[in-house]
Amino acid sequence: MTSNANPSSAQLLKQELQKLGKQPVGAELEHSSEQLRQLYAGCSDVVFRPFLIGGQTNAFLLYIDGLSDAEAIEKSIIAPLMQVQMQPSAAEGLPKLVSQTITVSSTKPVTTFAQVMEAVANGMPVLLRDQEAGGVAFGLPQWEKRTIEEPGAESGIRGPREGFTETLRVNTSMLRRIIKSPLLKLEMMTIGEYTQTNVAIAYIKGLADETLIEETRARLSRIRIDGILESGNIEELIEDSPWSPFPQMMNTERPDVVAAALLEGRAAILIEGTPFVLVAPITFFSLLQTPEDYYQRFMVSTFIRWLRYMFLLMSLLLPSLYVAVLTYHQEMVPGSLLVSMATAREPVPFPALIEALIMEITFEALREAGIRLPKQVGAAVSIVGALVIGQAAVQAGLVSAPMVIVVAITGIASFMMPRYIAGIAVRLMRFPLIMLAGTFGLLGIMLGIIAIVLHMCSIRSLGVPYLSTLATFKGRELKDVLIRGPLWMMDERPRLTGDSDAIRQAPGQMPGPQHGGE
Amino acid sequence: MIARLMRLSLLLPLFALLSGCWDRIELNDLLLVTALAFDQEKGQVVTTVQFLLPRSQTAVGGTGGGSPAAKQTSVRAGKGYNVADALSKLQRKLPRKLFWGQCKVFIFGEELAKSGIRDELDFLIRHPQPRERSYMFVSRGKAADMLEVYPPLERSSAEVLRELSDMRIGYKVTLQELNMKLKGESRAVALPLVSILQPNKTADPFQTISYIHGTAIFHKDRKVGDLSEKVSQGLLWLLNEVNEFTVTFPIGDSNRLVSISPIKAKVKLIPYIKGDQWTMTVRVEAQGDMVENDSNWNPTSEKLLDQMDRAFEKEVKRYIDLAANDIQHRLKTDVIGFGTAYHRKYPKHWKQVEDRWDEQFQQIKVVTKVHARILRTGNVSNPGGLPEEEIKQK
Chain L
1 MTSNANPSSA QLLKQELQKL GKQPVGAELE HSSEQLRQLY AGCSDVVFRP
51 FLIGGQTNAF LLYIDGLSDA EAIEKSIIAP LMQVQMQPSA AEGLPKLVSQ
101 TITVSSTKPV TTFAQVMEAV ANGMPVLLRD QEAGGVAFGL PQWEKRTIEE
151 PGAESGIRGP REGFTETLRV NTSMLRRIIK SPLLKLEMMT IGEYTQTNVA
201 IAYIKGLADE TLIEETRARL SRIRIDGILE SGNIEELIED SPWSPFPQMM
251 NTERPDVVAA ALLEGRAAIL IEGTPFVLVA PITFFSLLQT PEDYYQRFMV
301 STFIRWLRYM FLLMSLLLPS LYVAVLTYHQ EMVPGSLLVS MATAREPVPF
351 PALIEALIME ITFEALREAG IRLPKQVGAA VSIVGALVIG QAAVQAGLVS
401 APMVIVVAIT GIASFMMPRY IAGIAVRLMR FPLIMLAGTF GLLGIMLGII
451 AIVLHMCSIR SLGVPYLSTL ATFKGRELKD VLIRGPLWMM DERPRLTGDS
501 DAIRQAPGQM PGPQHGGE
Chain W
519 MIARLMRLSL LLPLFALLSG CWDRIELNDL LLVTALAFDQ EKGQVVTTVQ
569 FLLPRSQTAV GGTGGGSPAA KQTSVRAGKG YNVADALSKL QRKLPRKLFW
619 GQCKVFIFGE ELAKSGIRDE LDFLIRHPQP RERSYMFVSR GKAADMLEVY
669 PPLERSSAEV LRELSDMRIG YKVTLQELNM KLKGESRAVA LPLVSILQPN
719 KTADPFQTIS YIHGTAIFHK DRKVGDLSEK VSQGLLWLLN EVNEFTVTFP
769 IGDSNRLVSI SPIKAKVKLI PYIKGDQWTM TVRVEAQGDM VENDSNWNPT
819 SEKLLDQMDR AFEKEVKRYI DLAANDIQHR LKTDVIGFGT AYHRKYPKHW
869 KQVEDRWDEQ FQQIKVVTKV HARILRTGNV SNPGGLPEEE IKQK
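Top line first, the protein sequences correspond to chains L and W.
Residue numbering for the first sequence follows this note's numbering, beginning at 1 and increasing consecutively.
Residue numbering for the second sequence follows this note's numbering, beginning at 519 and increasing consecutively.
Hints in this document: simulated from the structure, not taken from any laboratory.
Treat the hints with care, since some could be wrong.
Unchecked claim - Here are the simulated lysine to any residue pairs, SDA-like style, with alpha carbons at most 20 Å apart:
#1 W:Lys615 / L:Glu331
#2 W:Lys615 / L:Gln330
#3 W:Lys738 / W:Asp824
#4 W:Lys589 / L:Ser336
#5 L:Lys185 / L:Arg169
As the list claims (entries may be wrong) - Facing chain L, a subset of chain W residues (Cβ under 10 Å, in silico):
#6 Ile543
#7 Arg610
#8 Gln620
Stated by the list, open to error - Computed footprint of chain W on chain L; a stretch qualifies when at least three of its residues, placed anywhere within it, have a C-beta under 8 Å from a C-beta of chain W:
#9 315-328
#10 342-352
Here a beta-carbon is modelled for each residue, glycine too, at the ideal position from N, C-alpha and C.
All chains should be built: construct the whole structure from the sequences, respecting the hints.
Okay, here's the thing in structure tokens:
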């Protein structure tokens with residue numbers, strides 16, 4: 001309220017910009033060029049190029065250096081316009097002129113200053129002509145972009161190698177290359193007061209529930225923010241349960257993952273400037289799946305999936321179980337194992353709880369250091385880590401060898417989560433569980449697990465229950481959760497919300513000799 | 519709801535401070551008891567615990583220079599009016615808390631066994647820590663002596679006893695079973711009897727083990743007698759606990775020996791009452807592989823094998839009859855479980871004899887019916903090391 005009564009200069013500027021944006025570009029070139037020059041005052045990268053069309057009419061071209069293809073502008077816009085002989089009258093207007101002389105493939109009329117600004121910012125040069133209201137924007141964007149590379153965070157053995165880049169257009173083109181049907185829709189919107197980031201909602205019409213897309217659209221358009229720098233910004237602003245440690249959207253760098261999600265009726269949000277695409281709605285189990293699960297033989301995938309579930313539990317529970325058993329339930333350990341643990345613990349000065357916390361925190365620190373450091377130094381960290389927390393600490397009697405083993409296994413287990421965000425959420429849960437284990441023993445762990453499961457049951461991803469298929473039990477969909485069913489058995493799509501087209505393939509496609517030949 | 523969650527999460531660090539409370543106990547503060555022995559001394563009970571020394575093991579593993587059988591256990595004793603009293607006095611002499619969760623061996627001394635083990639048993643089943651599946655033994659002589667030795671193999675003499683029991687060469691009774699049997703129909707139980715093995719000539723005087731050597735028979739909670747090792751084997755047959763046995767018996771007129779091992783046997787007690795005559799049929803199905811044949815008989819000959827089978831049967835029957843006779847007429851205590859068998863089949867008759875079961879038990883006629891078979895003859899069929907002519911083929 002106070003800001004309205006006494007607006008700051010930034011707000012004044014914003015208001016002014018908005019006011020200008022709504023104005024149409026007038027017929028008087030002098031005036032509008034003056035307005036634009038004022039607008040872009042201080043922007044050294046904005047180029048104003050006045051010239052005469054056919055040697056008679058004043059015109060000028062406005063673009064941002066580095067965002068548009070200067071060579072093409074010269075060849076396909078300025079040169080033909082300057083050499084044009086017959087000029088259509090002002091009444092017939094620019095469109096006629098453009099259609100006669102300009103060889104640029106994509107053009108778009110602009111009428112207001114807002115449209116001009118948008119076009120220019122997206123690398124489209126804008127042409128304004130004297131005596132005529134409005135102008136034309138040409139689709140000649142060209143800027144430096146990263147080449148398509150293999151995604152670093154999601155490597156695999158089998159499957160496509162290409163990953164998304166920072167350029168939205170490239171990313172959408174990659175999706176379109178996979179899903180060629182015109183039913184793949186890519187809705188555009190811009191988010192961010194200053195960054196004006198382009199965001200695309202991708203979905204397949206008919207497969208994705210209409211209400212789902214509407215909800216996504218509504219949530220995105222509610223965002224009022226200075227800038228969007230990464231998909232994480234958007235994720236935080238549109239997720240269902242912001243107070244949860246669990247990610248409610250999946251991010252991926254791989255077009256095949258997004259395509260698979262779209263084919264299951266999910267929506268994807270592509271954001272300019274980041275290779276990470278958001279996928280929603282998801283369930284917790286989709287965070288435990290890799291695209292490779294579907295490219296390998298199903299038995300292998302099922303085995304690996306179970307391995308993953310096992311190690312998920314391990315990464316969550318192993319240290320706390322160790323602490324609980326060692327401090328409360330010594331009778332549960334087989335005798336000889338207890339003796340060797342007792343022997344190893346004999347010189348350790350700390351209680352098991354403190355020992356576990358020290359080791360876990362050290363491990364987390366090493367992991368974080370390993371990520372942030374340059375690659376050349378990263379190796380040093382792991383050497384120091386292995387020597388210091390492994391060998392030396394045990395020999396010095398600061399920690400016991402079994403604890404080092406427990407922490408190491410836990411670490412490996414948490415790296416087995418195919419999605420980094422899921423792994424880190426589980427890692428975070430580990431600490432309260434260790435505390436509970438050190439306070440109430442197995443009872444505490446049980447309480448902790450109950451709390452976690454309750455929480456997971458209560459959260460949703462874009463309206464879909466997080467533990468869907470298990471909590472809101474869907475027996476038919478277990479074939480893609482407990483196991484990875486053979487492709488020829490998975491005839492139905494997972495049901496997310498509402499009733500969508502359930503059948504995804506013809507039934508009875510199990511291959512065999514009776515299907516071939518003849 | 520969110521604010522409440524936040525406030526709740528602020529409480530979480532307090533758990534760390536709480537961890538000193540409740541019944542948390544660090545492994546370093548526990549005394550890992552491996553065995554407990556009960557003895558009687560001038561009307562008081564002496565409890566002796568054997569516990570592990572966690573530190574000495576690192577020394578052995580670390581340098582490798584230590585003696586191969588360094589002592590890994592130690593013992594300490596406490597005396598009191600009853601077990602709890604004695605243990606509380608013992609605890610005063612120990613810097614760490616007695617922990618019974620890993621104690622799997624309890625030994626009653628001879629003298630105490632004779633005067634009754636009920637008090638001790640009550641403590642063991644009442645206390646939450648001792649395991650119901652721990653093994654019970656009776657010692658020849660003082661029970662504490664069984665714990666004083668340290669074995670060349672295994673960590674402790676208690677572990678040796680446990681391993682020996684697990685091999686089922688001797689009889690194995692758990693705390694739970696002991697309690698159930700003493701409460702059961704015949705109110706009698708057989709416990710393995712342990713004594714100390716004479717140490718090797720070259721070994722240190724205490725570097726030996728205690729081992730299972732016979733059976734102690736309890737009537738009510740008192741020890742009434744022992745079974746020799748041979749009779750104990752017969753008892754195992756009667757109890758259907760035959761496993762990993764080797765039976766050796768003579769065949770033919772030459773009385774050369776044949777050994778069968780391992781024996782697999784099924785023993786069924788079939789009670790029968792006709793008029794005043796109570797009969798117990800012990801039906802045995804036994805089979806095993808030939809491991810030694812000292813005779814010159816060729817076991818692949820059907821006729822000879824059949825004779826061997828008969829000899830095998832005879833030997834088994836001899837074992838069983840010996841044990842049944844000894845238990846029935848010398849000890850007069852039903853540790854075999856005849857009472858249970860009769861109770862199940864003849865509940866009405868049982869009611870009549872319940873009060874005087876011990877007398878009735880002696881009247882029962884035991885009929886042993888054995889069907890034994892040699893299954894395989896081992897790697898060779900002919901007797902080893904004999905020229906062809908000397909082998910008896912028929």
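Just pull the numbers of the violated hints for me, sorted ascending. Going through the list in order, the structure violates hints 3 and 7 and respects the others.
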